[in-house]
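Undergrad: Let's have the full structure, built from the sequences with the hints guiding it.
Spelled out, the chains give:
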Amino acid sequence: MKGLLLKDLVNLKQQTKIYIIIIAVWLAIALSSKDGSFLGGMICVLSVMLPITTLSYDEKAKWDKYVLSMPVSRKQVVESKYILALALSFIGCIISFAFNLFITKDASQSILMSLAFWAFSIFAFSVILPLIYKFGVEKGRAIILIVFLAPTVLAILIGKLNINLPSKEFLYNLKFVVPIFIIAALLLSCYISIKIFKNKEL
Amino acid sequence: MENALEIKGLKKVYDRFVLDNVNITLPQGCIMGFIGENGAGKSTTIKLILGLIKKNSGEIKILGSTQNNNEENIKEHIGAVIDESCFPDNLCVNDINMILKNIYSTWEEQKFLYYADKFSLPVKEAVKNYSRGMKMKLSIAVALSHDSKLLILDEATSGLDPIIRDEILDVFLDFIQDETHSIFMSSHIISDLEKVCDYITFIHEGKIIFCESKDELKEKFGILKCSENEFLNIDKSIIKGYRKNNFGVEALVYKDKIKKDYTIDNASIEDIMLYYIKEQ
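If you read the protein sequences in the order shown, they are chains Y and E. For what it's worth, my numbering labels the leading residue of the first sequence as 1, then goes sequentially. For what it's worth, my numbering labels the leading residue of the second sequence as 1, then goes sequentially.
Worth flagging that the hints you see were computed from the coordinates, not collected in a lab. Ideal placement from N, C-alpha and C gives every residue a C-beta, glycine not left out.
Just the calculated beta-carbon pair ranges, DEER-fashion:
#1 Y:F90 / E:E84: 32 to 40 Å
#2 E:R132 / Y:L149: 38 to 46 Å
#3 E:Q110 / Y:K2: 17 to 25 Å
#4 E:D15 / Y:A28: 51 to 59 Å
TA: So, in structure tokens, the structure goes:
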């Protein structure tokens, strides 16, 4: 497992240099506009893109075939991707919180926003990863676009249709339901991905 | 002494191709060459051995184990080289060493760096800049750098120049010095197989045609060159396959059954393979 994670992290080293530059640019934009939410959103997208990039590299090298000749189980191969995604999205959450705090000086809002983006990251890759395991990375890219566009479309629809937004109490209570929902989605996603991968002919 | 590889009644069904009743036995301490035309089922068989695809029926035993339990433990002792399969682009030899240290419990860093040096692999260069030959050499170095008892090689020497191929064959012969080590290798470069193999297995259209000792094969068969008239007079049961050319006929014959007055040349494994197919 450790070996698999190391492989992904080393493989991503080059990419991260580019991403640091991009994040620095967004940070500058966020500072000037005094709004950290765009930055937070972008970090969220990045933290989902990175594990998917590793899947794309794997596909290109036909790595899965090779690694299964080693003392590594199919379950471990899938689990390592989930651990990677969780770890990267958590780092994204911390960075997003730190930047937000720096920009807005509002701790509670920063925490809430960072956690919300983290929850969305986890939900996003919980949806995307099984689909990539089933259909491959190329088709997966189309799915990623849909997953990230969906909240925006949803927000526009809600605005246009004048649906009554849930009350503040309701949203407050969500605070307890959302983590459970996210963890459930994550575990279900991992279970499904493992099942798909176990049956895949390589 | 248990067999390194035992395959019984292996079957795999695809839409347009069926691998049927494959039986292969590789005794420990031996090298087996696996030959067949493109599409005959070599890679399919190797994928089945490695568990990359699922069999429809049959039994595969590697180093005495059927792989149902302790699957990972067996793979500690298998070194595989699969055509086209390699490490992701941005890794270099040093990275790969660090990664494999954490995958194989029997990883031998010194050995790996020794082979990397021996095969002239640049230690800090990313795999994406490697030529095809270098990628193969890298996979071979990896296969040799942990406690492998069985090397499974799918076209491991294709794409390599004759000089490095010779060096690698020497490395394989060195590997086999240890009696507990065995090699199962598929290749189109039959001259290589002839140099090092003890056994030859020939697969054709999904079926095993023969699985025999190389020396016995060469003793059994010979090449007869004669005119067409002479050929017509020969008992057909002696002939395994034949080919007409400008000078007459060339036929693969059973050495012990042909009459003594004919001149019989030695048959190479390639000849045997070609004539067997011509007979079909």
